[in-house]
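J.: The residues making up each chain are set out below.
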Amino acid sequence: MSASPQPAAPMPPAADGVPVLEVRGVTKRFGALSVLRGIDFALRQGEVLGLVGDNGAGKSTLVKILSGFHAPDGGEIFIEGQRVSFNSVEAARSNGIETVYQDLALIPQLPVYQNLFLGHEITRLGPIRFLDKGEMRKLARQYLDDINVNVPSVDAEAVDLSGGQRQAIAVARSVRAATKILLLDEPLSAMGARESRLIIDLVKDLASSGRVSIIVIDHNYAHLFELCDRLNVIDGGRITLDQQVHETSIEELTELMVSSYRRQLAEVQNAGA
Amino acid sequence: MSTDAPTSTAAPEAGPPGRQRDPVSIGRRVLRTFLYQRELTPIVITIALFAYFAIRAGSNFTGTLSLSSAVGFAGPVAGIAIGEVLLLVLAEIDLSAGQVFLFCPWVMYWMHNDGVPLVLAIVIALIAVSAVGAINGLITVRLNVPSFVTTLAMNFILYGVVLVASNNLQGSPIPLSGGTSFISQFMGVWKWSEILWVIALTIILAVMLSRTRFGVRIVATGGNLVGAAEAGVPTRRVKVWCFVICSFVAGLVGIVDSIKYGTLDPGNFGVDYILYAVGACVIGGTALTGGRGTVVGAFIGAILLGVLQDGLTVIGVSTNDFFIYVGLVIIFAMALNVQFDRLIARSRSR
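The listed protein sequences correspond, in order, to chains A and H. Residue numbers -9 to 263, in our numbering, belong to the letters of the first sequence in order. Residue numbers 96 to 445, in our numbering, belong to the letters of the second sequence in order.
Think of the hints as simulated: they come from the structure by calculation, not from any bench. Treat each hint with caution, since some may be false.
Some chain A residues close to chain H (C-beta under 8 Å, calculated; not the full set) [claimed, not checked]: (1) Glu80; (2) Arg83; (3) Asn85; (4) Gly86; (5) Ile97; (6) Pro98; (7) Thr113; (8) Met247.
Glycine included, each C-beta is placed from N, C-alpha and C at the ideal position.
Please build the complete structure, drawing on both the sequences and the hints.
T.: Below is the structure:
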């Protein structure tokens, strides 16, 4: 079920303390396809880490492993120095990890407020777990007003919302619930300018509070440079670059991605020759 | 749920945050209510049918004999449909629930004949059908066999078990049946007791589906399977439990029904029941695509079929014609549902 703490893993404390999340040598295959070939990285307390990589580089797979949706084939994951192994999304959640998925994980037929509380329902009367719909509606209204998310009504079904609104609800759900680590898999992909701004501000607010550490996947370098403290590049199932945002630039990163692409292309051509 | 004042679904960009209320005519408000509260339409149709038969046939239709015949038809169908609807909301189906309804009293009967005290015999029968539901569910979620196939097979297996174990002989007498004690009357002998059991179960299941966390998980699993799993809903466990609940409820009503009629016929085939039950769910506004459906709707659908069956008999239409009417009603209900969905979609894109 929950994390299985193991006898003190050897962990040289970094200058800024134990990382909130450390991943060592994580691998994952799907059939013959080796998606992750040994991922190593650390997420420091209060940090926003951006993951960059081509389509199919393994970013989403990594996120789904950290969120407990997939089990890794190999490697170790540590949360605040404790080795953990999740076998369910619930187990990851009970360790304070919340995730916004690329496909949003909203239920079209449920109203906004129930989507906002999906998996965190407020219930009464103990084991029967009756929904406290009034309380959830009230809190949902308050929260969405606070963060300036505009929906027709908290009773509107998710299917009635625009793509951007749906995304805002999905992000808001996880931001609200995250206690330790927030994973964002392309949180801005379906959003207009106004909604993107809203989500960026929401994530920056959460980051500046320092209580939650964040991993973001995004294809938009401008967003990443605004949001993140540090960027890691995933290529071919491994982390190939680890840079502080202030030590690099959009141009440098773009150049790096392009040259990596050229190298791969050359490898493919050589293999074919 | 959506009976709150209609709200603008368009132009989210405009205006200050918060909800905007449009002045909407009463006609559109009524239409909206019918669009979103799918069980309203079958309720209105049931009332209209009832009124029609009452006017045509007077006390021949509204008399106790006629009405108890209507609920005699509707009770078993509703008892199966209210559990079935949970599976339809999950985008699954249980074709064995009708046979479970027939099988459960046989288990009670066999146990009791072997000297097991009646209460214990009933408990064992209910555990047995719950196990049948669990097997249906586990085969479906663990072996990835479509539930249509799993439960179709289970239907034949249970039918065969009854034929073999009963030696093709009727089961009689059923314990409690024909008795005058309170417990006999309560467990099915009184002509209204079966429908009261079904009404009580309808209320319990309706509250479960619309007011509990488990209910949200059912809708979430049926509405977006992957999304629900990603949001932490244990989708497989939810499905298995719903198969168990469907079997349990069908079996319980089956026991009451057997006490009501007093004999068990091994030749009864569950598919006859399940098709009416699925029809009742459809009439009650359940989409077979998952995520939508109500327990009350399924119950109303069964009542509608009962009123139709009894009313046609009373006004002298041949029983054979009944099947044609059932077919027409089901097609009409489904077509109406689809059209309602289109209307909703159109109002959205405006």
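J.: Next step is simple, just say for each hint if it's right about the structure.
T.: Going through the hints against the structure:
The interface hint given for Glu80(A) is met, as the beta carbon of that residue sits about 5 Å from the closest beta carbon of chain H, less than 8 Å. Hint status for Arg83(A): holds, given a least beta-carbon distance of 6 Å to chain H, under 8 Å. Taking 8 Å as the C-beta contact cut-off toward chain H, the hint placing Asn85(A) at the interface is violated, the least distance being around 12 Å. Taking 8 Å as the C-beta cut-off, the interface hint given for Gly86(A) is violated, the closest approach to chain H being about 13 Å.
Hint on Ile97(A) holds. Least Cβ distance to chain H is approximately 4 Å, under the 8 Å limit. Interface restraint check: Pro98(A) against chain H, minimum CB-CB distance 6 Å, threshold 8 Å, status holds. For Thr113(A), the interface hint holds, the least distance from its beta-carbon to any beta-carbon of chain H being 5 Å, beneath 8 Å. Hint status for Met247(A) relative to chain H: violated, with the closest Cβ pair at about 28 Å, above 8 Å.
Of the numbered hints listed earlier, those contradicted by the structure are 3, 4, 8.
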